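Participant: Sequence:
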Amino acid sequence: MSEFTQLMVSGVFTGMLYALLALGFVVVVKGSGVINFSQGEVVVLGAFVVSWLLTDVGVPFWLGVPATVVVMMVVGAGIERFALRPLQNESMLALVMATIALGSIIRGLVPMIWGDGLRSIPSLIDQRRYEWFGISIPTITFWSAVMVLILLGAFGFFFSRSRLGLAMQAVSDDRVAAQSLGINIRLVNAVSWAMAGGIAALAGYVWGSLLGVDSRLVVLGALIFPVVILGGLESIVGAVIGGIAVGLVESLSAGYLNDDLGAGFSTVAPLIMLLLVLFVRPYGLFGRPEIERV
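Counting in my numbering, the sequence shown runs from 11 upward without gaps.
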């Protein structure tokens, strides 16, 4: 099988992992309308919590990962209740600045609690690779991509079919109109942040298993924004498509252009692609244009 095919397949699967990072961001925007700049740090916190439970406390895998999801859902709901709810009548700039401050606080607390050393996450999935027709894929990458597809289907059903999901979309579109219809704004906001916390726990487990867990894992936060901006801030499908696009561009650039343009070009290439897409569609591939009538 050709090198091009291997790079393409690797890019698609890596892009699915990027989409997992972005899903929590999209859920918050879709459910509460808040642009959360601390989602990367929440993912790092989830990685440290799951590592602590599985290695230090000795909780078995089948209990440790679900427990981390529950803990991070509580953390997400707590962030909404104590940090953002008091600012609900303030401008979007105030909410964005609050999420940036939260990210800084988490970055400071994590090494204070767990130290700066590299930690590991024991995985239920072995570290071998699947081989199909000459294409090699790490097992954890493959099953993580499967998990992303399952989450995509679950969230798609939730937002399009459930009463709470429809209420969350209504709040995101127009908070005042939604409140006038009797929708509980506080409940919707709390649920969206709790869901983002749970997704962050899963993303922290996956990426921590791949890269190890330390404070440098916070660079994952920088990977979220090209994905969600490319796909559209409120689009779950867009997060997946954006993740795959970023993964493909990064993989192909690393395979064919890094030697000629420098080892770091594969990091810059997705940003160049993002800039070109925004020239044509400023609201992303699946985003909705903002229309104001005067």
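Bear in mind the hints are in silico, worked out from the structure with no lab data behind them. Heads up, some of the hints might be wrong.
To be verified - Label pairs and their calculated CB-CB ranges:
(1) SER146 with LEU103: 29 to 37 Å
(2) VAL278 with PRO121: 26 to 34 Å
(3) TRP72 with GLY127: 35 to 43 Å
(4) LEU128 with VAL186: 26 to 34 Å
(5) ALA232 with GLU100: 43 to 51 Å
(6) ILE110 with LEU281: 34 to 42 Å
(7) THR15 with PHE167: 16 to 24 Å
(8) PRO292 with TRP142: 26 to 34 Å
(9) GLY127 with LEU191: 30 to 38 Å
(10) PHE71 with ILE110: 33 to 41 Å
The model shown is predicted, which means the values in this text are computed figures rather than measured ones. Note that CB positions come from ideal geometry on N, CA and C, so glycine has one too.
Participant: Given the hint of 26 to 34 Å, is the C-beta distance from PRO292 to TRP142 inside that range or not?
Facilitator: 39 Å, violated
Participant: For the hint 43 to 51 Å, verify it against the beta carbon of ALA232 and that of GLU100.
Facilitator: 26 Å Cβ-Cβ, so the 43 to 51 Å window is violated.
Participant: Please test the hint of 26 to 34 Å on the beta carbon pair from VAL278 and PRO121.
Facilitator: Holds - the Cβ-Cβ distance for VAL278 and PRO121, about 29 Å, lies within 26 to 34 Å.
Participant: Given a hint of 35 to 43 Å, does the C-beta separation of TRP72 and GLY127 actually sit inside it?
Facilitator: 27 Å, violated
Participant: Range first: 30 to 38 Å. Now tell me if the beta carbons of GLY127 and LEU191 are that far apart.
Facilitator: Violated: the Cβ-Cβ distance is about 52 Å, outside 30 to 38 Å.
Participant: Given the hint of 34 to 42 Å, check if ILE110 and LEU281 actually sit that far apart at their C-beta atoms.
Facilitator: Since ILE110 and LEU281 have Cβ atoms about 20 Å apart, the given range 34 to 42 Å is violated.
Participant: Just to be sure I understand the hint, the distance between the Cβ atoms of SER146 and LEU103 should be within 29 to 37 Å; is that true here?
Facilitator: For SER146 and LEU103 the Cβ distance comes to about 47 Å; the hint is violated.
Participant: Would you say the C-beta atoms of PHE71 and ILE110 sit inside 33 to 41 Å of each other?
Facilitator: 34 Å, holds
Participant: Can the suggested window of 26 to 34 Å be confirmed for the beta-carbon pair LEU128 and VAL186?
Facilitator: Between LEU128 and VAL186, where Cβ atoms are some 48 Å apart, the hint is violated.
Participant: Please test the hint of 16 to 24 Å on the beta carbon pair from THR15 and PHE167.
Facilitator: At roughly 33 Å between Cβ atoms, PHE167 and THR15 fall outside 16 to 24 Å, so the hint is violated.
This entry does not satisfy hints 1, 3, 4, 5, 6, 7, 8 and 9, going by the numbered hints stated previously.
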